[in-house]
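**Student:** Given next are the chains, with one letter for each unit.
2 protein chains.
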Amino acid sequence: MTIEIINTGSELLLGRVLNTHQQWLCRRLADEGHDVVRQLAVPDDSASIEGAVRESLGRADWVITTGGLGPTSDDLTRERVANLLGRTLVPDPAVAAQVRNFFESRGRPVPARTFVETLIPTGAQVLPNRHGTAPGLALKVSPNPFRAAGQTSWLVLLPGPPRELQPMFRDEVLPLLHRESPPGHGCQTRTLRTSGLGESLLEEALAGPLAPLVTKGLELGFCAKIGEVEVRFAGRGASAPELLAEAETITRSVIGDCIFGSGDDLLEAVVVRELTKARRTLVLAESCTGGFLSHRVTNVPGASAVLLAGFVTYANLVKETVLGVDSAVLVSQGAVSEPVARQMAEGARRLTGADYALSVTGVAGPGGGSEAKPVGTAFIGLAGPEGTTVSRQLNPFDRETFKFATSQQALELLRRRLLNLSQP
Amino acid sequence: MTIEIINTGSELLLGRVLNTHQQWLCRRLADEGHDVVRQLAVPDDSASIEGAVRESLGRADWVITTGGLGPTSDDLTRERVANLLGRTLVPDPAVAAQVRNFFESRGRPVPARTFVETLIPTGAQVLPNRHGTAPGLALKVSPNPFRAAGQTSWLVLLPGPPRELQPMFRDEVLPLLHRESPPGHGCQTRTLRTSGLGESLLEEALAGPLAPLVTKGLELGFCAKIGEVEVRFAGRGASAPELLAEAETITRSVIGDCIFGSGDDLLEAVVVRELTKARRTLVLAESCTGGFLSHRVTNVPGASAVLLAGFVTYANLVKETVLGVDSAVLVSQGAVSEPVARQMAEGARRLTGADYALSVTGVAGPGGGSEAKPVGTAFIGLAGPEGTTVSRQLNPFDRETFKFATSQQALELLRRRLLNLSQP
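Listed in order, the protein sequences are those of chains A and B.
According to my numbering, the first sequence is numbered sequentially starting from 146.
According to my numbering, the second sequence is numbered sequentially starting from 146.
These aren't lab readings, by the way, just hints derived from the structure by calculation.
Careful: at least some of the hints might be erroneous.
Pairs involving identical chains hold if they fit within one copy or between any two copies, as the list cannot separate such chains.
[Stated by the list, open to error] DSBU-like, lysine-lysine: derived pairs with alpha carbons at most 35 Å apart:
1) Lys518 x Lys422
2) Lys370 x Lys285
3) Lys518 x Lys361
Turn these sequences into a full structure, and let the hints guide you.
**Tutor:** Now the structure itself:
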């Protein structure tokens with residue numbers, strides 16, 4: 146069973162918007178054992194949209210489009226699909242009532258242009274939109290005029306806004322997909338997330354031990370990201386679950402401490418989970434990461450059980466008055482220095498009574514570097530009941546990548562400390 | 146002149162990675178006046194990669210691929226392209242020296258597998274990689290066997306890691322593109338970024354005044370995002386610059402105050418710029434946004450000139466001890482309340498002496514809501530020399546979207562305050 150995704154929107158091809166639908170949809174489909182074999186983005190013009198849908202219907206069992214169902218003049222998908230498949234657009238009274246209700250419950254007048262959202266191609270199933278006005282649509286294309294032997298395909302049209310698309314996909318499309326195309330022995334995958342070894346060294350370490358499984362059909366993939374490398378196993382057929390489990394066992398025995406999680410695990414979630422388990426609290430003191438470390442930790446639901454506070458002490462005076470950093474040290478060593486990182490962590494811990502404090506001070510750039518402390522330099526402090534350590538790092542990246550890499554190293558420093566505590 | 150982009154990587158189709166290359170490349174190409182007409186993502190298997198490259202070469206003047214040039218066994222692009230075009234892979238001594246130097250300068254042994262990165266298809270131009278080991282490649286496909294009349298196409302292969310791809314594209318690919326295919330009167334675009342009116346109401350407000358320009362060929366697009374709507378103008382031909390300028394003038398006269406910027410302007414950058422211009426300082430006091438507001442402000446280069454500090458007062462005790470919020474009010478009104486937002490802003494301003502203080506307290510969810518204050522409720526405080534105001538908002542989204550929407554409203558509150566000051 147094959148699936149293709151078509152993302153419509155001139156803003157995608159003009160680079161105005163990041164296409165988050167691709168990852169989100171592909172992840173959900175892969176988790177359910179379905180193969181997405183192609184993703185395509187095309188601009189909002191009639192020929193591109195009709196051409197892309199026709200091509201995909203000529204290959205795939207399921208074609209999912211995103212975008213182009215809204216009320217404005219550049220929303221063309223509904224009309225183009227009706228045209229391509231020779232279906233008439235008919236106003237649907239139930240959809241019209243829902244659209245009216247959406248605006249009336251918010252005390253707003255119904256814009257005249259939303260009328261087009263109530264038009265449904267004949268034979269299409271309406272996928273209700275609980276978070277907006279434009280419904281999704283599902284069409285069984287049977288026989289499919291674009292495929293040899295007129296096989297059946299399904300064509301699903303989803304709205305563009307993520308908060309409308311995502312619940313609609315979960316509540317309406319996945320059940321339909323399971324009813325019409327139950328997943329068989331598709332591709333199964335397992336991903337381990339590691340920190341501490343580069344991509345090449347990881348493959349060198351694992352190639353030998355995993356070779357016997359590769360000959361049995363294990364597919365091995367590596368994906369290097371900032372501050373981590375993902376190791377991905379894939380397998381097909383009935384023996385896949387066993388193959389993946391064996392691969393994981395071997396990998397854990399070879400590079401155990403480097404593995405911080407699997408699947409969707411985020412390092413910040415692992416750290417929050419370990420702190421929660423150990424009933425320990427955390428405080429953060431940031432300079433160059435500017436709140437990004439706090440942001441990552443507070444993205445984790447339940448973070449309030451462990452995180453007491455974050456201090457973004459951007460100005461030196463605030464480092465002194467709030468965290469108690471010694472002004473003489475700030476002058477003699479500079480704000481980006483080992484003793485300042487140490488004093489920031491210890492000061493934040495003292496101020497809040499937290500068990501652990503992480504601090505970061507560095508040169509995010511683009512300006513501010515020197516020969517001794519070039520752009521990208523960061524000092525990361527960790528204070529806890531076992532004492533304080535400071536790690537020096539060099540992350541010579543753009544500003545946002547610098548923030549990510551540095552926060553990743555800070556979280557990894559704490560993860561390793563908590564790991565040592567839990568090991569005998 | 147048409148361009149197609151092919152992103153290779155099974156991790157893309159499995160939804161393991163967000164495809165940021167598409168937006169990044171499309172944006173740069175659009176800025177230079179080039180049209181990307183199609184973007185495609187395919188998995189790392191030989192047939193998919195060869196098939197996609199063959200198809201795109203059959204249509205486009207330029208085909209740009211990303212990924213698959215690294216040292217691991219799932220990196221297939223170089224080999225598949227050589228196979229498709231009938232070119233031999235030959236080791237390049239200069240590339241080999243550069244790869245050796247990359248590792249030796251870092252004091253690391255050269256992994257044996259990096260050898261494949263030194264193989265170059267005959268006739269290909271090497272695009273040096275200043276931030277990694279695998280070079281990019283540019284191939285003139287002339288005559289192009291996949292196109293009618295054997296027209297010429299260019300095929301450019303770029304490495305997957307963004308910090309390798311981006312400088313290579315800027316330093317090597319753009320100059321090549323300009324040399325070989327100077328931009329003509331392609332599509333020109335202009336984007337205005339607005340806050341305060343929904344997508345339908347914006348189009349209703351602008352449709353009449355812009356109608357005469359639309360008949361002259363102006364293309365009008367709207368893109369609704371969280372907390373903002375982009376209005377996009379596009380035009381073709383020699384008259385495009387004048388058409389876009391007229392459209393902007395009319396739009397500014399109709400919805401002036403709603404426009405916070407144009408092009409790539411971010412609301413946080415606009416706020417930092419306005420504060421810098423007015424020589425005013427800022428402090429942030431966050432609860433539910435958890436550092437994200439600080440993160441956005443500190444993403445702006447030069448933010449240190451205006452931002453003194455950010456306080457992520459997650460625990461109530463820290464709201465009291467650090468910001469001086471009244472414990473009786475915390476008990477009687479709850480942490481998510483108008484007076485607490487007010488006291489957080491005023492306390493942060495007092496503590497640091499900043500001119501302006503923004504505060505946010507709310508229920509990010511998924512837990513913690515009540516009937517009176519459901520998940521998504523946020524109080525946003527703004528304290529300044531003109532006094533303190535508090536705005537109540539409802540952002541019933543997932544946790545990260547909540548943070549974005551709420552921080553957007555906070556920044557917009559400050560922007561409007563600064564706008565009122567600067568207007569007579």
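**Student:** Could you check the structure against the hints above and give me the numbers of any it violates, in ascending order?
**Tutor:** 3
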